[in-house]
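Peer 1: Start from the sequences and build out the full structure, keeping to the hints where you can.
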Amino acid sequence: MSEKSELLGEIIARHHHREGPLLPILNDVQAELGCVDAESEALIAKGLNLSRADVHGTVSFYHDYKIKADPRPVVQVCRAEACKARGVERIIDKATAAAGERVKIETVYCLGLCSAGPAARTGDDLHIRLDEAGITKLVENA
Amino acid sequence: MTIVRISDDALARAGGADKLAAAFEKKGCEVHRTSSWGMHWLEPLVEIDGEGFGPATLDDVDAILDGKSDKSIGTIEDHPFIATQTRITFKRAGKTRPLSLEDYEATGGWAGLKRARQIGSEAIVEEVKHSGLRGRGGAGFPTGIKWDTVMKAPGPQKYIVCNADEGDSGTFADRMAMEGDPFALIEGMAIAGEAVGANQGYIYLRSEYPDAIRKLNAALELCEDIITPFKCEVRVGAGAYVCGEETSLLNSLEGKRGEVRAKPPLPALEGFLGKPTVVNNVLSLQAVPHILTEGGAEQYKNAGFGRSRGTMPIQLAGNIKHGGLYEVGFGITLDDLVNKIGGGTASGRPVKAVQVGGPLGAYIHPDQFDIEFDYETYTAAEALIGHGGVTVFDDSADMLEMARFAMEFCSVESCGKCTPCRIGAVRGVEILDRIKAGGRERDVIELAPQMHNTKKDSGRDAGDEIGLLTDLCETMKFGSLCALGGFTPYPVMSALRQWPEDFTRNPELVKQALPEAAE
Ligand SMILES: Cc1cc2nc3c(=O)[nH]c(=O)nc-3n(C[C@H](O)[C@H](O)[C@H](O)COP(=O)(O)O)c2cc1C
Ligand code: SF4
Ligand code: FES
Numbered sequence: 001m002s003e004k005s006e007l008l009g010e011i012i013a014r015h016h017h018r019e020g021p022l023l024p025i026l027n028d029v030q031a032e033l034g035c036v037d038a039e040s041e042a043l044i045a046k047g048l049n050l051s052r053a054d055v056h057g058t059v060s061f062y063h064d065y066k067i068k069a070d071p072r073p074v075v076q077v078c079r080a081e082a083c084k085a086r087g088v089e090r091i092i093d094k095a096t097a098a099a100g101e102r103v104k105i106e107t108v109y110c111l112g113l114c115s116a117g118p119a120a121r122t123g124d125d126l127h128i129r130l131d132e133a134g135i136t137k138l139v140e141n142a
Numbered sequence: 001m002t003i004v005r006i007s008d009d010a011l012a013r014a015g016g017a018d019k020l021a022a023a024f025e026k027k028g029c030e031v032h033r034t035s036s037w038g039m040h041w042l043e044p045l046v047e048i049d050g051e052g053f054g055p056a057t058l059d060d061v062d063a064i065l066d067g068k069s070d071k072s073i074g075t076i077e078d079h080p081f082i083a084t085q086t087r088i089t090f091k092r093a094g095k096t097r098p099l100s101l102e103d104y105e106a107t108g109g110w111a112g113l114k115r116a117r118q119i120g121s122e123a124i125v126e127e128v129k130h131s132g133l134r135g136r137g138g139a140g141f142p143t144g145i146k147w148d149t150v151m152k153a154p155g156p157q158k159y160i161v162c163n164a165d166e167g168d169s170g171t172f173a174d175r176m177a178m179e180g181d182p183f184a185l186i187e188g189m190a191i192a193g194e195a196v197g198a199n200q201g202y203i204y205l206r207s208e209y210p211d212a213i214r215k216l217n218a219a220l221e222l223c224e225d226i227i228t229p230f231k232c233e234v235r236v237g238a239g240a241y242v243c244g245e246e247t248s249l250l251n252s253l254e255g256k257r258g259e260v261r262a263k264p265p266l267p268a269l270e271g272f273l274g275k276p277t278v279v280n281n282v283l284s285l286q287a288v289p290h291i292l293t294e295g296g297a298e299q300y301k302n303a304g305f306g307r308s309r310g311t312m313p314i315q316l317a318g319n320i321k322h323g324g325l326y327e328v329g330f331g332i333t334l335d336d337l338v339n340k341i342g343g344g345t346a347s348g349r350p351v352k353a354v355q356v357g358g359p360l361g362a363y364i365h366p367d368q369f370d371i372e373f374d375y376e377t378y379t380a381a382e383a384l385i386g387h388g389g390v391t392v393f394d395d396s397a398d399m400l401e402m403a404r405f406a407m408e409f410c411s412v413e414s415c416g417k418c419t420p421c422r423i424g425a426v427r428g429v430e431i432l433d434r435i436k437a438g439g440r441e442r443d444v445i446e447l448a449p450q451m452h453n454t455k456k457d458s459g460r461d462a463g464d465e466i467g468l469l470t471d472l473c474e475t476m477k478f479g480s481l482c483a484l485g486g487f488t489p490y491p492v493m494s495a496l497r498q499w500p501e502d503f504t505r506n507p508e509l510v511k512q513a514l515p516e517a518a519e
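If you read the protein sequences in the order shown, they are chains A and B.
Numbered per my numbering, the first sequence spans residues 1 to 142.
Numbered per my numbering, the second sequence spans residues 1 to 519.
Since the hints were derived computationally from the structure, they do not count as laboratory data.
Hints are not guaranteed to be accurate.
[Stated by the list, open to error] Straight-line Cα separation of at most 30 Å, DSSO-like style, residue types lysine-lysine; simulated pairs:
hint, chain 1, residue 1, chain 2, residue 2
1, B, LYS19, A, LYS137
2, B, LYS19, A, LYS94
3, B, LYS275, A, LYS46
Peer 2: Now the structure itself:
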């Protein structure tokens, strides 16, 4: 058994008893492997006695699941209304420039920090009141 | 020893509260990490003996301890932002440690559940009905009536599902409630379970809220024995706005694509795994423990306005000087909210527009700021209270860009089930781009002699495109299955109607395309 199928077996066993186990499984796979690829889909389908189409249908619906892992660090920047009102569109170019090819800038819609935007997230860390200097530093340190 | 209180709310932490707490500890203080008062422009807020200092940085630590800080705001409870609120759902905000069972019990925790267990299911439902509580997730449906339906639905297995997907931009009350007072939400769910005969609950929580996920999981573990035989579990979403819609949420919970289901059947009768299910917003459930205390329902009902009873946790967001959480009885005007309490814009520039009710809510012009916060009043004005988010824009906002964003958001987040939304939103973005460009020339195909039906003139001007946009919005409004496609026209059309000068250099074109805007 490959390392991957072992890990997937473990994750599936962790959630198998739950009502509606698929999302908890996919969340863990995404977190641990950085993606839910075709091989993982097939293993999950087998483990839950679903068709691969069922699993792929679910995986492809949600923004959080990626088909391929991206090794780059990610900075998620909120570009929803309240952060727009606080000027995120005026600093986003600086972030993209600082990111270059090294860092991935991802757009998200709302981190619940709407009174103190522009807001961003790296891992489980949140950042508020970003200006040009702040977001540049954030990207550089990502 | 000096006791220093600093919030561990995600916003305070993002502002540096953890480092600040460590610095005070290093100075020999006892630091209590409490929930947030909700005065976000002052976070991180440091509290010593009731006096507040904020926004505090590491450089302020010594001065605060020496009593020489110029960041003092005086006694927090007397601050006008706090003193003018009616806090029921957020009665513990700023005052207790979120994961302390001791603090929770000392402030009346579990009293509602205890009493609920004594009076039994029909009496619980009666009290919730009496309180006038309406769903705070957006639709404003009376909670008691929903519970009544589930209570009377036959079946041995029923569920309580808490909708904690809070996807609306400009809203954060669910987040603050879950992070700041997690036991109250759990108690509310346990009471709901008692009312309808459900012993299993699920909290569907968006993945964008890592702190709330952590806190609720910890809280559930701590109070397992208290809520038993009721059991409850956190389920984390995977980044899809539409999963806040209740039927999409149920599909997602079952492990499916988050596609919206047609109603009927109502989730109350055929919900999670086809079983009778209560789906309620965090704030709806959070209000329940208070309502179930002796006399609580009557007290809740008395704070209110028209058919909107109780209090609404309003979220002041965007370009506003004093942003944060403001819980108040219904009926308050936007002028009071934005200008008096909110202090106008953070940038100091004039207010241009306010979007109430999240991404699907209409943009409201300062001319209409006398509108009173009430479900029916807003509906009559083609606006939306939704989840109570108020997002302020100053005069640098470009309303065409905001309209375009509304369409773009809908196209990204559409569940894809129905055409007006799935395709309409994409077309909406394209039309708005053409309006911005001032129209378009005829293309090669249109000009080909074989195309007998196409016009061979010089092209379509912005007015033609605006007419098309209006048509498209009509179609989306009436042809969409759920409010994502159905309400996206509100921000778009309200922006077009009230700020035509942002759409075209010749606002006359808008007037011609929109006859009702002519007067
Ligand atoms: C597109 C869309 C998104 C929604 N998002 C949320 C949400 O994030 N949170 C929520 O509580 N309700 C949301 N709702 C409303 C729910 O469908 C439902 O009305 C609500 O959860 C019922 O609970 P309540 O009666 O306590 O408000 C959304 C509705 C739509 C159409
Ligand atoms: S309106 Fe949009 S989100 Fe709602 S059901 Fe139709 S396609 Fe899905
Ligand atoms: S809109 Fe950016 S955090 Fe809410």
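Peer 1: With reference to the structure, classify each hint as holding or not holding.
Peer 2: Cross-check of the supplied hints:
Between LYS19/B and LYS137/A the alpha-carbon distance is near 18 Å, which keeps this suggested pair within the 30 Å criterion. Note on LYS19/B and LYS94/A: the hinted pairing holds, with a Cα-Cα distance of about 27 Å set against a maximum of 30 Å. Between LYS275/B and LYS46/A the alpha-carbon distance is near 27 Å, which keeps this suggested pair within the 30 Å criterion.
Violated hints are absent here; each numbered hint is respected by the structure.
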